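Listed in order, the protein sequences are those of chains A and B. Per my numbering, the first sequence starts with residue 135, numbered consecutively. Per my numbering, the second sequence starts with residue 13, numbered consecutively.
Hints were generated in silico from the structure; no laboratory data involved. From a predicted model like this one, the values you see are computed outputs, not experimental measurements. Any given hint could turn out to be false.
Below are the EDC-like pairs computed for lysine to aspartate or glutamate, each with C-alpha atoms no more than 20 Å apart in a straight line [said to hold, decoys possible]:
#: 1; chain 1: B; residue 1: LYS179; chain 2: A; residue 2: ASP294
#: 2; chain 1: A; residue 1: LYS186; chain 2: B; residue 2: ASP60
#: 3; chain 1: A; residue 1: LYS155; chain 2: A; residue 2: GLU136
#: 4; chain 1: A; residue 1: LYS333; chain 2: A; residue 2: ASP294
#: 5; chain 1: B; residue 1: LYS179; chain 2: A; residue 2: GLU147
#: 6; chain 1: A; residue 1: LYS155; chain 2: A; residue 2: GLU176
#: 7; chain 1: A; residue 1: LYS191; chain 2: B; residue 2: GLU30
#: 8; chain 1: A; residue 1: LYS166; chain 2: B; residue 2: ASP152
#: 9; chain 1: B; residue 1: LYS82; chain 2: B; residue 2: GLU31
#: 10; chain 1: B; residue 1: LYS154; chain 2: A; residue 2: GLU176
#: 11; chain 1: A; residue 1: LYS282; chain 2: A; residue 2: GLU311
Below, a sample of chain A positions facing chain B; criterion: calculated Cβ distance under 10 Å [claimed, not checked]:
#: 12; residue: ALA154
#: 13; residue: LYS155
#: 14; residue: TYR165
#: 15; residue: MET175
#: 16; residue: PRO178
#: 17; residue: LYS285
Here a beta-carbon is modelled for each residue, glycine too, at the ideal position from N, C-alpha and C.
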Amino acid sequence: MEENYLAKWLNNELSEEEVAKFKATKEYTSYKKIVDATNSMEAPTFDMAKAKRDLYKRKEANETKVLTLNPYKKYLRIAAVIAVIVGISYFYNAPTNEIVNTQYAERAAVILPDDSEVQLNADSQISYQKKNWKENRNIDLKGEAFFKVAKGERFTVSTDMGMVTVLGTQFNVENREGIFEVSCYEGLVSVLYNQKETKLSAGQSLVVINGQLKTSELANGHQPSWLQDESTFKSIPLKFVLDEFQRQFNMEVETKDLDLEQLFSGSFSNTDKNLALQSISAPSGLKYKIEGEKVLFYAETP
Amino acid sequence: MCKTKKLKEENITNVCEEEVYASIFSSHSKTIFNYIYYKFGNEEKAYDAVQEAFIKLWENCSKVAPHKAKSFVYTVANNLYLNVIKAEKVRLKHREKAQNTEYESPEFLMEQQEFKEKLDKALQDLPENQRTTFLLNRIDGKKYAEIAEMEGVSVKAIEKRMHLALKSLREQIDGI
C-alpha cells in the first residue's frame with residue numbers, strides 16, 4: 135500500500151485499483167465506520183456575533199492606547215534619524231548644501247556662519263555651503279529675502295534672473311516668476327542683470343518686470359515692509375500683488391474680467407486678511423468674494 | 013487621476029479598513045475557535061484565542077498585508093497557549109448533527125452510542141497535532157494544504173498526521 139494511504143483515501147486521491155485493494159482488507163469496515171461517525175460530528179457552538187461585540191469593545195478601549203503610543207514612537211524614530219545625520223555630518227565634514235525654505239503664509243530667519251542675517255518671506259528658499267563660508271559667501275535664492283550682511287569678503291546672492299553682490303550692507307532681493315526686485319537699505323549693492331551691472335546705493339531699488347529694468351527711490355526706511363508684516367508695492371502690475379497676497383495668506387486667488395497688468399501702488403497687511411483684501415480692492419476699484427479657501431476678485435460693474 | 017486610482021487600491025488592501033477587517037473576522041474567527049478547541053478541548057480558551065488574535069491583528073493592521081492576515085491570526089492564536097496547557101487533560105465533547113433516527117432499532121442506537129463514546133475517548137488520546145489536523149479536516153472540511161498553512165508544516169506532514177490519526181483511532185476502537 136502507498137505511503138499515508140489513509141490520508142489519500144480520505145481525500146479521494148487513491149486510484150480505483152488501490153481503493154478496491156483497500157476495501158478488500160479486513161480493517162476497511164472499521165475505518166469506514168469511524169469516518170462515517172466523524173461526518174456527523176460538529177464543533178461546539180461559536181457565537182460569532184457575541185465574539186465580534188466583545189472584540190469591538192476591546193478594540194475601542196485599545197484605540198486610545200494605540201493613539202497615544204504611536205506619535206511618541208514616531209518622534210523617537212525621527213530623533214534617531216536626526217541623531218544619525220548629526221553624527222555623520224560631525225565626523226564626515228563634507229561640503230553639504232544647507233537649505234532653508236518656507237511655505238505659503240510662513241517666514242523664517244536664518245543666521246549665517248558669519249552672523250549675517252537672512253529673513254525669508256513666504257514661499258521662498260535659500261541654499262548655501264556652510265563649509266568655508268567666510269571665504270565663499272554665496273547664496274542661491276528663490277523667492278524673496280532680506281539680507282543684513284556682516285562686513286567681510288564679497289557676499290553674493292544668485293537667482294535665476296540676476297546676481298547681487300555686496301561687501302557688507304542690508305538689502306532685499308525678490309525673485310519671483312516674472313519679477314526681480316532688489317532694494318538697498320544700507321551701503322552699496324551691485325546687481326548684475328542681463329550682463330549689465332547696476333549699482334544701487336542706500337535708499338534705491340531696482341525692479342525688472344517682464345524684462346523691463348527700472349530704478350526708483352525707496353519710499354520707506356531701513357527695512358522692507360514685509361518684515362513689519364506689510365507688503366508694499368510701487369507701480370507694480372496687479373498680478374504680482376495678487377500673487378503676493380496668495381503667498382502671505384495661503385489662499386487661492388481667482389480673478390474674473392480683470393486687467394492684471396494695471397499698476398498698483400499701496401500696501402496690505404500680512405496678518406489681517408480682511409484688511410488686506412480691502413487694501414487691495416478699494417484703490418483698484420475691485421470687488422472680492424471669499425469662498426472657503428479661495429478668494430475671487432472681479433471688476434466692479436458700473 | 014492616477015493618484016486617486018492608487019489611493020483607492022490602497023484602501024481596498026488595507027487591513028485597518030473596517031470592511032476588510034470585519035470580513036477577515038467573519039471568514040476566520042470560527043475556524044480559529046475550532047482550531048484551538050481541537051487542540052486543547054477548552055471552549056473558554058478557544059474563545060479568548062479568537063479575541064486575542066483579532067486584537068493583535070487590529071494593533072498591527074497597518075503592518076499586515078491582507079493576504080498575510082489569515083496566517084497572522086492563526087499564528088497569534090497558536091502562540092498564545094504555546095507554553096500553557098500542554099499538561100491539561102483534553103476533554104473534547106462534540107455535538108452531534110441532528111439525525112433522523114425514527115426507523116432505528118433500540119439495539120442499533122445503543123450500539124451506536126457506545127461506538128461514539130469509544131470514538132470520543134480515542135480522539136482524546138490522540139497526540140494534539142494529529143487530533144487538530146484530523147478534526148479540522150473531518151469537521152471543518154479544511155483541505156490538507158490549508159491545514160499545512162495554519163500549522164506551518166508541509167502538506168506531506170499533514171498527510172502523515174491524517175494517516176496516523178485514523179490508524180490509531182481504529183486500533184483503539186478495535187481494541188488492538
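Structure-based check of all given hints:
1. B:LYS179 / A:ASP294: violated (85 Å)
2. A:LYS186 / B:ASP60: holds (12 Å)
3. A:LYS155 / A:GLU136: holds (11 Å)
4. A:LYS333 / A:ASP294: Holds. LYS333 (chain A) to ASP294 (chain A) sits at ~19 Å (cutoff 20 Å).
5. B:LYS179 / A:GLU147: It holds: about 17 Å lies between the C-alpha atoms, which stays within 20 Å.
6. A:LYS155 / A:GLU176: violated (31 Å)
7. A:LYS191 / B:GLU30: Judged against 20 Å, a Cα distance of about 14 Å means the pair holds.
8. A:LYS166 / B:ASP152: holds (19 Å)
9. B:LYS82 / B:GLU31: Between LYS82 (chain B) and GLU31 (chain B) the Cα gap is close to 15 Å, so the pair holds against 20 Å.
10. B:LYS154 / A:GLU176: holds (14 Å)
11. A:LYS282 / A:GLU311: At roughly 24 Å apart (the allowed maximum being 20 Å), GLU311 (chain A) and LYS282 (chain A) break the hint.
12. ALA154: At 19 Å from the nearest chain B Cβ, ALA154 (chain A) fails the 10 Å test, so the hint is violated.
13. LYS155: Constraint on LYS155 (chain A) not satisfied, violated at 16 Å.
14. TYR165: Since chain B brings a Cβ to about 6 Å from TYR165 (chain A), closer than 10 Å, the hint holds.
15. MET175: holds (4 Å)
16. PRO178: With a minimum Cβ separation of about 5 Å from chain B (threshold 10 Å), the hint on PRO178 (chain A) holds.
17. LYS285: violated (51 Å)
Going through the hint list in order, the structure does not satisfy hints 1, 6, 11, 12, 13 and 17.
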